[in-house]
Structures are given as structure tokens and as C-alpha cells.
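S.K.: Next come the chains, spelled out residue by residue.
There are 2 protein chains.
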Amino acid sequence: MTIRIGILGYGNLGKGVEYAVRQNDDMTLAAVFTRRDPASVKIMTEGVPVYSVNDAPAHASEIDVLILCGGSANDLPVQTPEFAKYFNVIDSFDTHAKIPQHFENVDKAAKASGKVGIISIGWDPGLFSLMRMYGNAVLPEGSDYTFWGKGVSQGHSDAIRRVKGVKNGKQYTIPVESALERVRNGENPVLTTREKHTRECFVVPEEGADLAQIEKDIKEMPNYFADYDTTVHFITEEELLRDHSGIPHGGFVIRTGKTGENSSNNHVIEFSLKLDSNPEFTSSVIIAFARAAYRLNKEGACGCKTIFDIPPAYLCRQSGDELRAHML
Amino acid sequence: MTIRIGILGYGNLGKGVEYAVRQNDDMTLAAVFTRRDPASVKIMTEGVPVYSVNDAPAHASEIDVLILCGGSANDLPVQTPEFAKYFNVIDSFDTHAKIPQHFENVDKAAKASGKVGIISIGWDPGLFSLMRMYGNAVLPEGSDYTFWGKGVSQGHSDAIRRVKGVKNGKQYTIPVESALERVRNGENPVLTTREKHTRECFVVPEEGADLAQIEKDIKEMPNYFADYDTTVHFITEEELLRDHSGIPHGGFVIRTGKTGENSSNNHVIEFSLKLDSNPEFTSSVIIAFARAAYRLNKEGACGCKTIFDIPPAYLCRQSGDELRAHML
Chain Y
1 MTIRIGILGY
11 GNLGKGVEYA
21 VRQNDDMTLA
31 AVFTRRDPAS
41 VKIMTEGVPV
51 YSVNDAPAHA
61 SEIDVLILCG
71 GSANDLPVQT
81 PEFAKYFNVI
91 DSFDTHAKIP
101 QHFENVDKAA
111 KASGKVGIIS
121 IGWDPGLFSL
131 MRMYGNAVLP
141 EGSDYTFWGK
151 GVSQGHSDAI
161 RRVKGVKNGK
171 QYTIPVESAL
181 ERVRNGENPV
191 LTTREKHTRE
201 CFVVPEEGAD
211 LAQIEKDIKE
221 MPNYFADYDT
231 TVHFITEEEL
241 LRDHSGIPHG
251 GFVIRTGKTG
261 ENSSNNHVIE
271 FSLKLDSNPE
281 FTSSVIIAFA
291 RAAYRLNKEG
301 ACGCKTIFDI
311 PPAYLCRQSG
321 DELRAHML
Chain R
1 MTIRIGILGY
11 GNLGKGVEYA
21 VRQNDDMTLA
31 AVFTRRDPAS
41 VKIMTEGVPV
51 YSVNDAPAHA
61 SEIDVLILCG
71 GSANDLPVQT
81 PEFAKYFNVI
91 DSFDTHAKIP
101 QHFENVDKAA
111 KASGKVGIIS
121 IGWDPGLFSL
131 MRMYGNAVLP
141 EGSDYTFWGK
151 GVSQGHSDAI
161 RRVKGVKNGK
171 QYTIPVESAL
181 ERVRNGENPV
191 LTTREKHTRE
201 CFVVPEEGAD
211 LAQIEKDIKE
221 MPNYFADYDT
231 TVHFITEEEL
241 LRDHSGIPHG
251 GFVIRTGKTG
261 ENSSNNHVIE
271 FSLKLDSNPE
281 FTSSVIIAFA
291 RAAYRLNKEG
301 ACGCKTIFDI
311 PPAYLCRQSG
321 DELRAHML
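Residue numbers (the working numbering), protein chains in the order written: chain Y, 1 to 328; chain R, 1 to 328.
Simulated from the structure, these hints should not be mistaken for laboratory data.
Predicted model, so just to flag it, every value in this text is computed and none were measured.
Hints should not be assumed to be uniformly reliable.
The list treats identical chains as interchangeable, and a pair is accepted whether it falls inside one copy or across any two copies.
The list that follows gives simulated cross-link-like pairs (lysine-lysine, DSBU-like), each with its CA atoms no further than 30 Å apart [as the list claims (entries may be wrong)]:
id, residue 1, residue 2
1, 85, 196
2, 108, 98
3, 108, 164
4, 164, 219
5, 108, 42
6, 111, 196
With these hints in hand, go ahead and build the complete structure from the sequences.
M.R.: Put into C-alpha cells, the structure is as follows:
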């Protein structure tokens, strides 16, 4: 049984899904849908058609699970409920505050169509959410900590590039090692924003730009940098391309908690990711959940699900017997 | 709605369950069952009855989930299928090779009775199994590594105490830091037993014992120590009690994998535990899955389940709405 995957939106995430499908021999890429002129989109997999997004519903019978690879700000709030009318869908919606509303919208559409929609899949939200949940379930008397990085923040890199005199730039979010250590030692520290992460910026200035002013504008930028210890490095465009063209990321979810008589025993649960490519890893998580969406729908399930609702075994190619024999 | 918990077997694990129930305000301890004379067993929670294990079936209507706290070698293979005839049950069966057979036995009994039996719950098997599974599902091209420790191995401590001239002793399993680093760096090393863990023994000799002989007997003991770099420290009984009476444990599950064009991007998923009390943490995991057993059975589910089969949300007191709003 081969699961036929569709990709909607062919950017970094869509390409990542295309790579991930190749690593899973129970899946095949069936089609890519784009808002651009389909003739202008060249994909890596030979023989797979590229269609206009407008024609997607007409191809519903050719796709088992459609992966929505658009952005959370404008694309997914509209696309996920819309395409749940025709397809089992997965998205990586990551605007945490708007998840409840998004869930409602997708749930309504997917229940009406009899399809499964799994939202907010990736690593945060995604695997990190799952770790926060398991940690809380297992150690009810405890504290949660999430650190991000070292990794590229797209939003902060965009913010740098909007500064006057900046030609190009990249920003890394870096967890503060000493704060991590305090958490791991079970000190249960209350950490300010500044104490948890630092921000490191690599900036290509325009010719003749006022470097001191650029540095000041970045470091004092409210919301983005003012609350952090920020370092600014000026480099050439060449150096930026050579040393900073990757999209690494990662982070840490730590739950510390106490048990026993007088809560005298400490426990630390730590989950961490170190990722060379944020979009490729996110795609890999999504593809595992595409398998779950397919299976759940085959069993008759419909409506919106999150990572909290999916029995772990549904992500795996292996049978229950195989999982119990080899992974338990 | 209060979930009424029963404990069968009142050793370290049973006591841990008793502590864990106190941390979960949707649960209450309803009864303890023992193979000893019930009058001789003094528990911590006032007003809770202690019954003979033989009377357990007569109390089935008073218990929502029975936690089986016996040993994997002799107790659980018999007890879990037996008590699944009357109760929803959870055990921490940890003989990996015999899990498929145990699953079959419990499944048959629980399906006949309409109860839910969740087996092999704890951290390994348990949370570590889950991490191995998620890691494999997300990164199909990769390698798995499990390291244990630093922690007390009960089996190895028992082995030390059987050596001639040894009065008492404790053994710690310690992961080799340099091996961990190689794995984290994505080197995908092939590691021998000796390269992964060292063993450290604290031994109280009998008066006049031949220390050199004891050290030799321990270090050359097949299966237990011969394949490891082992250190033996001789200490007094006083020192053993003062410095080594805890039951700490922990470990690391690491999945490394590659994605993308030419598999050029590396990813590392790491999960680790640092536990002051192995039995209390195991009990805390069990209690979260007791909640899941209760809910699944209320919904009409029956039969044997493992950690792979349980939707994560079933472990939590919070509703789906609350989980999505606060943890996703």
C-alpha cells in the first residue's frame, strides 16, 4: 500500500517534504500544487506533475494526504480549512496564540468532509509540545523550560534587513549555557528573557553606511532585540553566503520535578534537537504524521487532530508486533 | 471524577505509586494488596485498607486501575494476565525479549474481561521506547543509541554481593562521556559494550577477606563485568549507607539521521533522564498511564496496550482545549 503525497507550496518546506518522501518507501509523491505558473516550477522528482493550486480539488482522488507548506501568517489560516474539504491535510501552523481558532476551523471543515486534518506539526509546535506534555503528565510538581537555538530566526533576520544601511543579514538565537546548566541542576530558576537567550547578528552593510548607527538601531529595536544581549558582526556579502547560508536550528525542552517524601527527590527530563536544516527536519516530522493521517482516515476517523491526539504507533511503517519486538 | 488506584505489591515501586497518587488530585489510593500478612504492612496513607492479594478479586468494584508492582522475572508474567481478568492493570514488565509473549497473554485475558492492560510502562521500557520510536519515525535514515546511567544497577549490585568475601556492595553503570560526544557529533560510531559504559563498584568486604581476590572475581565475572572497564572501591558499611543508599538512575536515547540532497544535513534528537529515584520516577510514569487506562476503558476499549498505542493526551488531566491552548 503506497501513500500518495501531495505538496501545496513549493518553497523550503515543500522541497523538504519532497526529500522526506524519498526516505519512506511506503510513500510516493503524487503531485505538487503551486500558486505560481506551474510551467515555471521545476521540481526534483521526475515524472511528477505540477498543477495550479486552483486545480487541486479536481485531483483529490489522486492524493491520500496533502501537505500544506505555506506560511502561518496568511496562508494556512485560509488554506488548511479550505483544502480539508477535499483532502486529508497536514500543516505546520505555528502561531501559538491562534491555534485554538485554527483548530476549530479545520475541525469543522474536516468533519463535514470526512477527512483528517492534523495541524501544527513540526518541532515547535510539534515534538517540543509533545515533550512539554509528557513532562507535565509524568512530573506534575515541576517546572517547564524551553530554550531555542542555536539557530537562524527568520523573523529576526528579516528585521535586521529592514534596518537603514543594511544590505543583508542573518540572526542566530543562542541559548545561554549557564542558564541551561542551572535548569539541569534542578535549581528551578526564574529566568528573564535576557537570561535565557542571546542574539548574534551577521550584517552586510551597504557601502558607506554608518556602522555605529546600524549597530545601535539593531540593539535597541523593541520586541526583537532590546530585551536581549545582542552582538552585531559586520561581514561581507561573500562571507555571509559562504558561512551563513544554512538554516540550522534546534533547542531544548526541560522538565524538572520532584517526587517522594517531602518532595526530596529531583528528576530532570531533557529533550533536545540539533538540526542542520530546520525546514528539512520539519518536513520529516510532517511526513511521519502524514502516515498517521492516512491510517486514521482509513479507519474512519475525521476532524482536526494535533500531535497530542495521535497514538505514536501510527507514525511508523512497522506493525505493532514489530514495534513491540524491536523498539519497546 | 476520581480515579481509584489499587497497588499490588508494596515494595519500592509500590511506595513510589503511593507518593505519585498524592501528586495527582484526580486520583485516590483505594487499597493496597500484599502477599505478606496484611496486618504486618504499614502504609503511609491513613485510612486506606491493606488486603491479602488473595482477596483482590472481591474488591474489583472498588478499584479503577490496579498497579502491579512485582518483579518481571517471576511475578508479572503470572500476575498481569491473572488480574486483567478483574481489573484494568498497568505493569512495568521489563524483560525485553519476553514482551511479545507477555503482550499476548495479557491481551487474551483483558479482551475476555473487557478490561485494559497496559504493559511495560516506566522509562526503559517506557519513555525511552517512545523516544526510539519517534526518532525512527521522523528520521528513517539514521542510527539509534541508548546509554544508561549514571545509575544503580540492581542486578549488578546483587552479583557483587554474591562474591566470596563481600559483605555488601553497590554498582553504578556510567555512560562513557567521549562515546556520547561522538554520537552527538553525528559520527555514527559503532561502539562496543566496553566503549559505551563503565562500571563502578563500591564494596564492603567481610573482615579479613582477600581484597585482591574480590577485585579479580568481580572484574572477571562473565556477562556482568568481564566486558566492561570496571573499577572496584573498598569502603566501610558506614560509608556505603551514608553515600550510596539512594537509587538514582537515568540515561540517554539519541537518534541521529540525515536528510536532504545527498543526505548532506545531519540531525540529532536527544532525550535524557537524570533521576534521583528510579522507582519513584517509574511510578510517576505508571500513574500517568493509569489515567490513560481508565479513560480508554471508559470509552469501551479493552485488551493489551503498550506505550506506542496510547494517544498522548490521555495521560493528562487537562482537556484537549486546555492542552492546545497552553502546551502546543
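S.K.: Each hint needs a verdict: does it hold in this structure or not?
M.R.: We went through each hint and held it up to the structure:
Taking CA atoms no more than 30 Å apart as the test, residue 85 paired with residue 196 passes in neither setting, with 42 Å inside one copy and 52 Å between copies. Taking CA atoms no more than 30 Å apart as the test, residue 108 paired with residue 98 passes inside one copy only; the shortest distance there is 16 Å, against 45 Å between copies. In this assembly of identical chains, the alpha carbons of residue 108 and residue 164 never lie at most 30 Å apart, being 45 Å within a copy and 71 Å across copies at closest. Taking the shortest alpha-carbon separations for residue 164 and residue 219, only the intra-copy value of 13 Å comes in at or below 30 Å, while the best inter-copy value is 69 Å.
When the C-alpha separation of residue 108 and residue 42 is checked against a cutoff of 30 Å, the pair qualifies neither within a copy, at 35 Å, nor between copies, at 54 Å. Taking identical chains as interchangeable, the C-alpha atoms of residue 111 and residue 196 are never at most 30 Å apart, the minima being 41 Å within one chain and 50 Å between chains.
Against the hints set out earlier in the document, violations occur for numbers 1, 3, 5 and 6.
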